[in-house]
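There are 4 protein chains.
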Amino acid sequence: MAAILRGSRNVWGRIRHVDYTLVSSRSMASKTQVGFIGLGNMGNPMAKNLLKHGYPVIATDVFPESCKELQELGAQIVDNPAEVADKADRIVTMLPSSPNVIDVYTGANGILKKVKKGSLLIDSSTIDPAVSKEMALAVEKMGAVFMDAPVSGGVGAATSGKLTFMVGGVEEEFTAAQELLSCMGANVVYCGAVGTGQAAKICNNMLLAIGMIGTSETMNLGIRLGLDPKLLAKILNMSSGRCWSSDTYNPVPGVMEGVPSGNNYQGGFGTQLMAKDLGLAQATATNTKTPVPLGSLAHQIYRMMCARGYAGKDFSSVFMFLREDEKEEGQ
Amino acid sequence: MAAILRGSRNVWGRIRHVDYTLVSSRSMASKTQVGFIGLGNMGNPMAKNLLKHGYPVIATDVFPESCKELQELGAQIVDNPAEVADKADRIVTMLPSSPNVIDVYTGANGILKKVKKGSLLIDSSTIDPAVSKEMALAVEKMGAVFMDAPVSGGVGAATSGKLTFMVGGVEEEFTAAQELLSCMGANVVYCGAVGTGQAAKICNNMLLAIGMIGTSETMNLGIRLGLDPKLLAKILNMSSGRCWSSDTYNPVPGVMEGVPSGNNYQGGFGTQLMAKDLGLAQATATNTKTPVPLGSLAHQIYRMMCARGYAGKDFSSVFMFLREDEKEEGQ
Amino acid sequence: MAAILRGSRNVWGRIRHVDYTLVSSRSMASKTQVGFIGLGNMGNPMAKNLLKHGYPVIATDVFPESCKELQELGAQIVDNPAEVADKADRIVTMLPSSPNVIDVYTGANGILKKVKKGSLLIDSSTIDPAVSKEMALAVEKMGAVFMDAPVSGGVGAATSGKLTFMVGGVEEEFTAAQELLSCMGANVVYCGAVGTGQAAKICNNMLLAIGMIGTSETMNLGIRLGLDPKLLAKILNMSSGRCWSSDTYNPVPGVMEGVPSGNNYQGGFGTQLMAKDLGLAQATATNTKTPVPLGSLAHQIYRMMCARGYAGKDFSSVFMFLREDEKEEGQ
Amino acid sequence: MAAILRGSRNVWGRIRHVDYTLVSSRSMASKTQVGFIGLGNMGNPMAKNLLKHGYPVIATDVFPESCKELQELGAQIVDNPAEVADKADRIVTMLPSSPNVIDVYTGANGILKKVKKGSLLIDSSTIDPAVSKEMALAVEKMGAVFMDAPVSGGVGAATSGKLTFMVGGVEEEFTAAQELLSCMGANVVYCGAVGTGQAAKICNNMLLAIGMIGTSETMNLGIRLGLDPKLLAKILNMSSGRCWSSDTYNPVPGVMEGVPSGNNYQGGFGTQLMAKDLGLAQATATNTKTPVPLGSLAHQIYRMMCARGYAGKDFSSVFMFLREDEKEEGQ
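Protein chains in written order, with our numbering: chain A, 1 to 331; chain B, 1 to 331; chain C, 1 to 331; chain D, 1 to 331.
Hints listed in this document are in silico derivations from the structure and should not be mistaken for laboratory results.
Keep in mind it's a predicted model, so treat the numbers as computed, not measured.
The list treats identical chains as interchangeable, and a pair is accepted whether it falls inside one copy or across any two copies.
Restricting the straight-line Cα-Cα distance to at most 30 Å, the calculated cross-link-like pairs of lysine-lysine (DSS-like) are:
1) Lys-162 x Lys-31
2) Lys-113 x Lys-141
3) Lys-141 x Lys-114
4) Lys-117 x Lys-87
5) Lys-234 x Lys-133
6) Lys-289 x Lys-234
7) Lys-113 x Lys-133
8) Lys-289 x Lys-230
9) Lys-133 x Lys-230
10) Lys-162 x Lys-234
11) Lys-133 x Lys-289
12) Lys-133 x Lys-116
13) Lys-276 x Lys-133
Using the sequences and the hints given, assemble the complete structure.
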């Protein structure tokens, strides 16, 4: 069948030049090489899961030592993102923050230096949705496709392949993205245009932080008023106060098992990472002139916690932060 | 005489003088007269449900016209709380605020003027737990029993007998209270010592307010970032952002059916009432020196809403309050 | 001269029965005994200043040891407030909180047991203005006069007689109050009806707390952005950011001399006391349904500081609380 | 040739290549042409003041009609920033926001296309200090000098030449900048390295917003507690609650004359502009991980006000926003 140019269309007031025929041919060529850029705590197990599912992986990272384990498992390691793009037409990126993403895509040795027409570039970093949109435009100009696909779930979920991916981008490409992402995650949710994956991630984590601080305040107040914490949790969970932080990840030691509050707030999702995500939510809200009073205060509370020694503890440790600390009080 | 003084015990540093034998004999004498004081929007349907369950009701209210309907249904109406106490040894009170409760119990024509030894007095008003404790002490001095049993659920739940009661008081009396309360509610939860019913109610509503404002901010931010509100609600509800306000009472018009957001925020739980409960939470937190930063800001937001014309709308209208109002913007 | 009943008038819907002639005769009888109840850190130097100005002082305190110093200086010490009221028709009270004031006035051995008609009772405690109004009504029923006169200025100002008194009460009595208060303070300001002295004090301290936290946030942000703290303070103080906390009591060590920030936040006005005053502001705002979003958050921040070991430090230590603490960070 | 390369030095890890001799020769050549880019509400009167002081002005603006008035007064109008840079070696820019600044400096027809070595470029826009630093680096690469010099004071101060300039940049260049800026302002303050001018501006306005909202809450609370607003303002202003918003720009109608609160909050500094500056403060705090709880809440409150019709009113109208609105309440 002859290639059909499905045409360009207007996104954010600009013209698209993607040839979807090339795209289609790429998506169908399964089990060909997949690029992976960023082999940190999250990227490493994600790339391994691609290997496990039979995909040849070609990878790179700014820290050479991060590549060793993957290399031993059979991945090809190259020097920089441009070389990855030279050899793979499907690439997943997993990077710490917006500047890293900008550099990996548009830098001197960035993907765009050698990206092939029709390539599918999936960014699983959690970054400002405005940066995702910028990257999408730059990628599009090269005739390739960009999708943002941030994850929820931590290192554990990355290792067991149980991440949730929230995906933004052209709907026609979602199936192709899903093919790869479902090797690494249990849920792959299509959210809409480019940037909406990030938006969904940021929104969820903002509400999560609000719920966690709210639950911590409430449990602390109830305990001081004489309520048994387990009983209070039970009452909240059968009432309108119920939320994920009260019924699944309760911050009060002893109320639930198998959560960080039962293990001195080790493991889980670090306060510093939550503060970073809330910073993104804050920046996005500021840019769109959206009032987020509780989200904003939640950001500040996690920021204060970072300044007071909680940076590395699970974000449910806000319960301890708010609670009276008798030793310190004794000064 | 079979009565055995089970002895006094120390509660909050004072001596109790309750004869539990009298109490026992009272509790077993079912279907004898039940007193009901406070026939407002909530009290009226609650008292009707007692009648429906075959209890003779003797009632009073400061507004005589509030008594008519119940009188026509067979209740005996008397002039004041003291007369109710003279004729019934089980009494339910349902009043708007702490000063009303203090007056109905300890005022010139209050219950305590004629309360019988061994009587069971159940207060379903939502008030400061410190006032509940004061009332309990005063009641106890008269040889009677006081329990606080505030409700969750509005006029609809009161009418259909589906309220949830959160009960604080002596555990031995819970069965007797439950017998009456289960005529008016679907759930009757024992919370602990006197005041803990109020504490549980206040805690739940504080977390509810935080969750509702948080959900409204989050939905508003997501919509501005290009997410479809129904899809965003779905994503939150399968993720860690999930809460009662997102999955059961979503504040965004069109996301769910059968909730106030689908009906111009009419019905439901008024902003003014939420502001009142948050004021109680605030006062209680202040008195116990408990930090509640989000609870406190939630209180202020509902207070600002009352000042801006939202007093009578459902508390989920905070979504509209935070959202850009184009008409006003045009000024 | 015959007593003339200048008549009763309606205050808060009740009838007054004060004989102002008696009042007048009392006010003119200067240098007769003055009662003083509450000889704590503040009350002790205040009473001494009355002695210095030639007033015979008759005093009491719940802690007998607090009375020794004053006794050695010539004051007469009695057992309880009632005895003070029996012997003096002008009494100043200086107590820690509302319950103490209620007890000292209306308790079993309270002032009201023996207060003389026409007595002038001045309460310099910082308490809820609603309690001041209650006391005023109770005092008035006994034919005496009550004024609230809380102070600003700490132990230093109390010792040097440089306190500021904010006075609420009947305007005709202000001169009589001023005669005594000016022995202990440099400014005596008439604020209006009973309770407005407290209102003024609470309002000032709420704005003070907001200004102090705001200054601390601002200085911290500026320093992180590369500004020299002294230069930043200078710029703020010549611009619209200027406030008492930036120009008179700067919270950053090294910016000013002679303030607690230069002395490891010792001395000054303790965080715990500020938290107490903000609790009063919060309660008053809640009762009057007044939105105070920043005041409310300021309260919560000082409350969190108390929970984190800052209770005894000067309230300007919020600068340290917000600043990154490297030692703790290293955990 | 007398030119001496005073040497390069390291700023933010990069090498500087500015020839300060060229710079010096330029600074001394007074009353030669000065470029001005951005002739809006602020830029227009500022450029006029340069003309008044005898400087030939060469100007441009994206809106041709904005240039007419200045042209009639003798300024030369050109098409774009590059042409300004081609003809003037001292240029002042006054633009609405960061993207405009980036475009005017680095865009297709931007200043940097034709900037001369040794030129002095002064940006008086209020923008993110990080953008100022970026611009400084780009300008420096061309051998020219960049300074940030945002203003405080509104259109009135711009017209009367009474602005305050907060200047960041190489100290050796401050005298040259001061020569121009003192034609337009009464105070020209040197703040430190590039970006510190913006930092000082942002810090001042954040503290200003906190002080204004705090003053409004406090005045409102005091009024509700029965205090006369003028008296309350007087008490605050002689006490520790004193701030610029209470003593110079009181937000309560009737307390002061000649301020926007006396004129239905018209004129002055718009709520929308304050919200913009607070957004910059927020972004800067987020980027530097600095907790600013009150600054953050102040930002949210001004954001909510924009959403409720206050965008165009003076920022002191927050007093009206917080105050009970009886008409709306009557719904």
